[in-house]
Amino acid sequence: MDPVIVVGAGPVGLALALALARHEVPSIVLDEGAGVCPESPRTVVLGEDAAALLARLGYHRAVSDAATWDAFTVWRRRAEVLRIPLDGAPVLHLAQHRLQRGLRDAVTATPLIQLVSLTKVVELEQDRDGVSVRTTGSRDGARTWWRGSHLVGCDGARSTVRKLLKIRFPGRPAVDRHAVATVRVDLPFAGEARLHREPPWRGDREACARPLPDGLWRLDWRLPPGRPAPTEPVDPHATWPGIVTGDTLLTRVKATLTGWCGELPAYELLAAADHTAQQRLAARFRSGRCFLAGDAAHLHGALGMQNLADGLRDADNLSWRLALAWHLPRPGAPVPLRPGAPCSTATRPSGAAPSAPGCAPWTRRCRCCARCAAGSRPVAHCSPVRSASTRRCWPTVSSAPAASAAPPPTRRRPPACPAGCPCSARPAAAPRSPRTCRRPLPASRSPTCRWSPPTAPPTVCGPGSGRTSCCSWSPPAPPSGPPGTGSGPA
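Numbered by our numbering, the letters in the sequence shown go through residues 1 to 490 in order.
Treat the hints with caution; some may be incorrect.
To be verified - Restraint ranges, calculated between C-beta atoms of paired labels, are given here: (1) Lys166 / Phe189: 47 to 55 Å; (2) Thr258 / Arg76: 17 to 25 Å; (3) Arg158 / Arg184: 25 to 33 Å; (4) Ala142 / Trp201: 51 to 59 Å; (5) Arg158 / Glu263: 41 to 49 Å; (6) Met1 / Ala55: 22 to 30 Å; (7) Asp247 / Val116: 42 to 50 Å; (8) Ala34 / His60: 24 to 32 Å; (9) Arg83 / Asp186: 17 to 25 Å; (10) Ser64 / Leu264: 29 to 37 Å; (11) Arg147 / Asp186: 49 to 57 Å; (12) Asp140 / Asp87: 50 to 58 Å.
As the list claims (entries may be wrong) - Straight-line alpha carbon distances no greater than 16 Å define the calculated EDC-like cross-link-like pairs of lysine to aspartate or glutamate that follow: (13) Lys254 / Asp204; (14) Lys163 / Glu123; (15) Lys120 / Glu32; (16) Lys254 / Glu206.
No lab work stands behind these hints: they were computed from the structure. The C-beta atom is built at its ideal place from N, Cα and C for all residues, glycine as well.
All chains should be built: construct the whole structure from the sequences, respecting the hints.
Here's what the structure looks like:
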């Protein structure tokens, strides 16, 4: 079967390819970039479930590369109004470029994943058997066709796959705008994330600080709505002239650090950027054999930084569904079994003895069948897909042996007319079921039989007919006197 095509080599696309590889599904990752992960101020906040997912996917340095928060505080002006301790539920704050580098290292060590860089998707076709994608090289312009069983678009908010599928992406284009900077500095509230609303210094509506490893902090400033006009020479590499470049950014950094520390501490500005928070949702996440995941399917606000965390959950949820569809055989197709795998009477070769009589005929890649045959695990746990996280097979097959399976239930038929009813005198083509015998009955007929022929009913209930079980007529009683003394004719 053809591999799964993943468009986009960001954290979501790489996580999806690794999750598919855990279910023994090959994949092709098409990356428009050169495969380099430069440092940027983008970060991601991960919970316990997301950190456990990264560890299962092969990125075991997620905890060591991230900073743990002790608490989250909210300040207004000069007073603290809310404190949320995070001792029981640790939160990991991780730089996005470190996350992407760790996932790329895991992808490089996985033989089931083919990573193709400098490739742009320009055309997409799908049929009932798979998906065909045409790409062009970013350097040489070479055109290449790729064939896959399914396709998943993980190529960000400006998704090319979503545009080729003509899926609408409605929502609010600009909810909030933030200026972001990465600063190396020592703040008095080490290990705590702080959100400061209406700070006492002038020029900022809202400021936020989140700790990172190695003494780094991510600083965010909420900007006023609208795009300001540049008041100084425009930097060609900046998208927010006059705000995140030059003296304006340095003024914000100095004012914020002075307000939190009392005086301006020694600091080092490492990176700066802008971020526009959007709230969008795709009209649908699936079109035939093509799917959307991550920012290509949904966008949320910026404060919680949950876009990437939700994208990782998309990859984890979609991977086992695609694996189940990839491993199950098509209806009517022969079911190949691995060499030495146990098989049932319906699927084993002629003359071969089954080693596990209870295994279902459609178990194709079930690794637990050998343990089923040894009696260490019931046959009910056999499945064509194995969960590598729990090291067990999914219980989807009945534990009853195939030879002793109960026959499928037959459709219940309506009862026939009782024996001895006038229905026996009906034509051969007339229905015998009482469900269709709904015509009016004469007064002398019993309602037990409801069928009547289209013509006049035959004389079946009278003297000499012998039918007394279904009709209301009964023969007259014999005279009580001796023979020949009755009142009837001689």
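Non-conforming hints, listed in increasing numerical order
Hint check: nothing fails, all pass.
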